[in-house]
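Model the full structure from these sequences, guided by the hints.
Chain by chain, the residues:
Protein chains: 2
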Amino acid sequence: MTSPTTRVACHTSAPRVGDLAGNCDRSVQAVRDAAAAGADLVVLPELVTSGYVFASVEEAAGVAIGPDHDVFTRWAQAAGDAVVVGGFCERGPDGELFNSAAVVDRTGVRAVYRKVHLWDEEKRFFVAGDALPPVLDTGFGRLAPLVCYDLEFPELTRHVALAGAEVLAVPTNWPLVPRPDGERPPEVVIAMATARVNRVVVVCCDRTGTERGQRWTAGTTVVGADGWPVAADDREGLLVADVDVAAARDKRLTARAHLVGDRRTDLY
Amino acid sequence: MTSPTTRVACHTSAPRVGDLAGNCDRSVQAVRDAAAAGADLVVLPELVTSGYVFASVEEAAGVAIGPDHDVFTRWAQAAGDAVVVGGFCERGPDGELFNSAAVVDRTGVRAVYRKVHLWDEEKRFFVAGDALPPVLDTGFGRLAPLVCYDLEFPELTRHVALAGAEVLAVPTNWPLVPRPDGERPPEVVIAMATARVNRVVVVCCDRTGTERGQRWTAGTTVVGADGWPVAADDREGLLVADVDVAAARDKRLTARAHLVGDRRTDLY
Numbered sequence: 001m002t003s004p005t006t007r008v009a010c011h012t013s014a015p016r017v018g019d020l021a022g023n024c025d026r027s028v029q030a031v032r033d034a035a036a037a038g039a040d041l042v043v044l045p046e047l048v049t050s051g052y053v054f055a056s057v058e059e060a061a062g063v064a065i066g067p068d069h070d071v072f073t074r075w076a077q078a079a080g081d082a083v084v085v086g087g088f089c090e091r092g093p094d095g096e097l098f099n100s101a102a103v104v105d106r107t108g109v110r111a112v113y114r115k116v117h118l119w120d121e122e123k124r125f126f127v128a129g130d131a132l133p134p135v136l137d138t139g140f141g142r143l144a145p146l147v148c149y150d151l152e153f154p155e156l157t158r159h160v161a162l163a164g165a166e167v168l169a170v171p172t173n174w175p176l177v178p179r180p181d182g183e184r185p186p187e188v189v190i191a192m193a194t195a196r197v198n199r200v201v202v203v204c205c206d207r208t209g210t211e212r213g214q215r216w217t218a219g220t221t222v223v224g225a226d227g228w229p230v231a232a233d234d235r236e237g238l239l240v241a242d243v244d245v246a247a248a249r250d251k252r253l254t255a256r257a258h259l260v261g262d263r264r265t266d267l268y
Numbered sequence: 001m002t003s004p005t006t007r008v009a010c011h012t013s014a015p016r017v018g019d020l021a022g023n024c025d026r027s028v029q030a031v032r033d034a035a036a037a038g039a040d041l042v043v044l045p046e047l048v049t050s051g052y053v054f055a056s057v058e059e060a061a062g063v064a065i066g067p068d069h070d071v072f073t074r075w076a077q078a079a080g081d082a083v084v085v086g087g088f089c090e091r092g093p094d095g096e097l098f099n100s101a102a103v104v105d106r107t108g109v110r111a112v113y114r115k116v117h118l119w120d121e122e123k124r125f126f127v128a129g130d131a132l133p134p135v136l137d138t139g140f141g142r143l144a145p146l147v148c149y150d151l152e153f154p155e156l157t158r159h160v161a162l163a164g165a166e167v168l169a170v171p172t173n174w175p176l177v178p179r180p181d182g183e184r185p186p187e188v189v190i191a192m193a194t195a196r197v198n199r200v201v202v203v204c205c206d207r208t209g210t211e212r213g214q215r216w217t218a219g220t221t222v223v224g225a226d227g228w229p230v231a232a233d234d235r236e237g238l239l240v241a242d243v244d245v246a247a248a249r250d251k252r253l254t255a256r257a258h259l260v261g262d263r264r265t266d267l268y
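The listed protein sequences derive, respectively, from chains A and B. Going by the UniProt record's numbering, 149 is the number at position 149 of the first sequence; the sequence numbering is gapless. Going by the UniProt record's numbering, 32 is the number at position 32 of the second sequence; the sequence numbering is gapless.
Treat the hints with caution; some may be incorrect.
[What the hints assert, rightly or not] The calculated lysine to any residue pairs, modelled on SDA-like cross-linking and capped at a C-alpha distance of 25 Å, are:
no.: 1; chain 1: A; residue 1: Lys251; chain 2: B; residue 2: Ala61
no.: 2; chain 1: B; residue 1: Lys251; chain 2: B; residue 2: Lys123
no.: 3; chain 1: A; residue 1: Lys123; chain 2: A; residue 2: Val57
no.: 4; chain 1: A; residue 1: Lys123; chain 2: B; residue 2: Asp250
no.: 5; chain 1: B; residue 1: Lys123; chain 2: B; residue 2: Ala61
no.: 6; chain 1: B; residue 1: Lys123; chain 2: A; residue 2: Ala255
no.: 7; chain 1: B; residue 1: Lys251; chain 2: A; residue 2: Lys251
no.: 8; chain 1: B; residue 1: Lys251; chain 2: A; residue 2: Gly164
no.: 9; chain 1: B; residue 1: Lys251; chain 2: A; residue 2: Arg179
no.: 10; chain 1: B; residue 1: Lys251; chain 2: B; residue 2: Thr265
no.: 11; chain 1: B; residue 1: Lys123; chain 2: A; residue 2: Val177
no.: 12; chain 1: B; residue 1: Lys251; chain 2: A; residue 2: Asp120
no.: 13; chain 1: B; residue 1: Lys123; chain 2: B; residue 2: Asp250
What the hints contain is simulated information worked out from the structure, not anything from laboratory work.
Shown next as structure tokens:
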């Protein structure tokens with residue numbers, strides 16, 4: 001079931017806040033394009049169906065959808081053999097809103113993960129999830145969906161790596177922050193270290209554009225299990241990269257060093 | 001007690017394996033030079049008194065010292081107002097060996113920390129420490145000593161940050177590993193992410209040279225609490241940099257985001 005390389009596709013886009021139908025259409029086209037490019041895994045940005053900078057809770061609620069929404073059926077139909085991970089504004093059973101990521105394959109919705117670390121103003125709109133990310137078996141390896149700020153909590157990333165995740169798929173909307181000339185976005189540095197210390201592949205799909213004055217980083221980057229970026233692109237469109245997921249399965253650093261086994265679980 | 005900037009000095013050197021007296025003399029000179037440069041904190045490499053690539057346990061034992069060794073008195077005398085963190089091969093009460101870091105100021109040895117994560121062949125020579133790093137109050141802020149591979153375990157770095165450490169002083173001997181052209185050493189990427197996600201200053205003092213065929217990275221780097229390197233130098237000698245330790249005291253990322261407060265301690 002496992003091929004030596006896994007083709008990952010990230011579609012950097014600029015969702016339009018409030019334009020549910022248009023965003024959905026564009027996300028389906030992105031999945032179709034990624035599948036045509038031979039992707040095993042397609043990652044879309046956070047809140048790709050809804051946009052991010054909501055003016056009010058009512059506006060967010062107006063574009064909130066459930067896992068039974070048509071867009072996920074369309075992702076499933078467009079996915080071919082790929083697994084799709086993309087963010088959406090989820091309406092829960094009692095009308096509460098979550099910042100969620102759906103994991104979809106040709107069979108339909110495999111899982112919905114609700115972001116547990118809400119960033120800044122998201123706390124006005126969303127309820128934080130109450131469960132850590134699932135780890136899902138796929139044709140290319142074990143996958144965990146995260147959302148954006150989650151990546152900055154080593155407690156969470158270590159947890160999913162120890163739970164067997166080999167690939168972290170991370171829909172993001174990274175607000176642009178200052179950085180020194182020539183440096184990668186700080187979130188990418190964190191993704192690189194996360195990959196390295198856990199020996200996992202980290203696939204970050206960011207958004208682009210400016211939304212109600214908020215500039216975005218467009219930091220889409222695929223990081224290999226050795227911690228080095230395989231590909232990055234700050235332009236709107238599809239980024240395709242081949243990664244070695246099998247490398248994530250062997251946690252030995254040397255004959256006598258092991259990044260899991262060397263943990264001092266007697267001390268922490 | 002706290003000045004707006006803290007002057008950090010790292011002395012990258014090439015300790016000679018087995019040459020205890022010579023290594024000690026050179027380390028004292030390094031402390032003296034750092035104090036003359038106005039350092040508040042001096043960091044020396046891992047195992048600076050002994051060298052690293054031991055041929056046998058007997059050879060390591062031959063250069064093992066206790067915290068009462070003269071070299072620490074000499075560091076204290078040379079330190080002026082600075083705090084010194086440097087690695088040494090420690091002989092324990094029953095003759096067992098530890099890969100330790102001493103924290104020394106003008107009053108003498110403040111603490112000895114025994115590396116808890118032993119790297120690779122170190123397991124042949126050393127017993128792992130049985131306590132996480134202490135967090136020490138100093139004139140410039142709260143300091144935790146780590147040793148090398150410890151930095152690659154987010155459990156440990158998060159622990160010391162939550163315990164109040166504002167500066168991580170990390171004597172290292174980083175074996176040279178392959179990296180893509182133009183990239184920093186992977187350990188530095190990890191240090192940068194550690195600094196960023198915990199908002200702590202990370203001061204890594206590495207060694208240089210080649211020792212019994214082992215090439216070293218010479219990756220000495222001072223990382224600010226924002227995660228960006230303030231200074232780095234791969235040459236033998238003193239690297240002096242001014243850092244803002246006060247920045248490590250405020251863990252707010254935005255008005256509504258807080259890197260400690262946003263942790264989901266109900267889930268992990």
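| field | List of violated hint numbers, smallest to largest | value | 1, 2, 7, 8, 11, 13
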